[in-house]
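Chain order of the listed sequences is A and B.
Residues in the first sequence are numbered from 1 upward in steps of one, following this note's numbering.
Residues in the second sequence are numbered from 1 upward in steps of one, following this note's numbering.
Please note that a few of the clues may not be correct.
[Stated by the list, open to error] Using 20 Å as the maximum straight-line C-alpha spacing, the simulated EDC-like pairs for lysine to aspartate or glutamate come out as follows: (1) B:Lys-345 / A:Glu-235; (2) B:Lys-345 / B:Glu-198; (3) B:Lys-345 / A:Glu-192; (4) B:Lys-345 / B:Glu-248; (5) B:Lys-175 / B:Asp-164; (6) A:Lys-40 / A:Glu-235.
If you are wondering where the hints come from, they were derived from the structure by calculation, not from laboratory data.
The residues making up each chain are set out below.
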Amino acid sequence: MSDESVIRLENVGTRFGEQVIHHDINLSVNRGEILGLVGKSGSGKTTLLREMIGLQTPNEGHVYLFGERLDKLSSEQLAALHQRCGNLFQGGALFSAFNVFDNIAFPLRESHFVDESLVRQLVCMKLGMVGLDREAALRLPAELSGGMVKRAALARALALEPELLLLDEPTSGLDPLASEDFIKLLSTLHQELGFTLVMVTHDLDVMHDLCHVLAVLADGRLLAYGSAAEVRRSEEPLVREFFHGAHAERVFANAAWAIS
Amino acid sequence: MPMSAQALFTDTQPPAIRVERTADGFITIKLTGHWTLRGVAHHADRLMRELREYTPDPEVHWNLNTISALDSVGAFVLWRATEGRRPRHLVVRPEHVPLFRRWTDRRVPLEPEQRTARLDIVTSTAQIGRLAVEHVSGFLSLLGQFVLDCVWLLRHPMSTPWRDISATIYQAGVKALGITALVGFLTGVVVSYLSSLELKSFGAGNFIVVIVGIGILRELGPMLTAVLVAGRSGSAMAAQLGVMRLTEELDALSAMGVSRSLRLVLPKIVAMIMVMPLLVVWSDILAMLGGMFAARATLGIGLGRFLSAFPEAVPLANFWLGVGKGAVFGALVALVACHYGLRIKPNTESLAVETTSAVVSAITLAIIADAVFAIIFRGVGLP
């Protein structure tokens, strides 16, 4: 078993009743890598993301997280593993009854091992990391804009210094500028903190600017797996459709031009 | 060997500060161990204090090469200890440099001051007063809007939201048949049984018909039904409106030009006015049955004798009074539930608070209304 792989899926398959979501999926994510899960709506990307951290158990196959097989762990051990992961849910999933400050402080206070003055300093540090000011810290989630919700949720996901960060559509619902800012923020934080990043995304800019490896899901199978350039060379019609549309050509052509 | 939860963490060596003095008088500080969230957590204050003994001296050599692990929390503690100045003699591993760069380039926001609510008597009284005015005016405007909607519907009868009304009748009425029957029957049994024990000792067993008849038809039937419906449907209505606020469905309705009072509030009130009297009749019947069974068991008054004595002992006015009360209670429960439901703000705490208030207020208002009825109709229907 390689020490380097943070997540490893072996022959993973999932069914909801009769409906097959995916079948025989194999992939592994190395430490420090950025993996993008790509596919149409309903291709089971979010399900796969949930299975990676044991929020959902696959019907077939095994999931290894930090080298541990998830279905063999007790709930206590699983909770210990979860403390090493940060999650950014699609809608932010901030606790609506707490303000932003208390939302970010929540995981720190919950894990009991820090005193309150340090908690307050750490929260301020995270706020600084994601670019939120003290005025925003006192607002309730309902009073935030979409971009600020994502930033606050990211700060909460980073609260416990995770080794692995899972993002579900990090740029959905953001305007292009906010989306670009958020990609930059993620990229800076990744360089600084060196975590492993797995994200579900539809956003071609995200795939191009951020992801080292792409995994394309369609028809319940893993159609292509590799760097953006490798995936674009794939002969699968569904992959070609996705990566050679007008917009995709523009994104990747500009990139080639920028590099040359 | 069973694996403990702790073993899943990478082994954490506590962070330590080693001070070495060279022969020519230089001081070298070597940092070792895990300068991470988990390592630093319990010792942040002590470490910061120890570090600060050396930070003012510019001639101290700092060696961070020996650190086993560093994360942004560890970097933050070091940065705070040096008060944001980079020591003149510093050795850092290249992969740790980015962790420090953030703190040298950017500012950490200051801690926000928590707004603490002042709780002196004047402000809290003013607050209660303001809240009371808000509730009364909100309730009255909801009632007024309901009346206006009714008038509007008289002129546009085609727009009556029949489907919503019938859905509420099913949810609040048909589905409540079971629980109202059970509670009604048991209440009838208890009232009749306890009264008949007392009556028997006076030899006045025949009065059981009056007590059970008037007690249930006039008071217990409508009141019990109102309490049950307030708990069942009042909370459901308030929560439904609240969730519609959370999911922006209320705004979506307004944006489509659909009146929320006409489509959400009016059907509930109308349906409750229609269904509550029926539920009252239903629980009356079951409670009377329970009362009759208990009377036969304790006093030996058979069903036939009970029923033949009934019309004379219990004036019909009591039945109509009970049914009328039912309609009023129904309207109150629906109005109160909608009032609180529409006050819900888009967060979970507000949802909980307002839903609770809706049920408590609906029951309280129903009891107050019952007292008012008792005074107004004191000369009606009593033998």
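Hints, one by one, checked against the model:
1. B:Lys-345 / A:Glu-235: Judged against 20 Å, a Cα distance of about 52 Å means the pair is violated.
2. B:Lys-345 / B:Glu-198: Distance of about 53 Å is beyond 20 Å: violated.
3. B:Lys-345 / A:Glu-192: Violated. B:Lys-345 to A:Glu-192 sits at ~39 Å, over the 20 Å cutoff.
4. B:Lys-345 / B:Glu-248: Holds, because 11 Å separates the two Cα atoms, which is no more than 20 Å.
5. B:Lys-175 / B:Asp-164: holds, 16 Å
6. A:Lys-40 / A:Glu-235: With a Cα-Cα distance of about 18 Å, the restraint between A:Lys-40 and A:Glu-235 holds, given a limit of 20 Å.
Hints 1, 2, 3, counting from the list given before, are not met by this structure.
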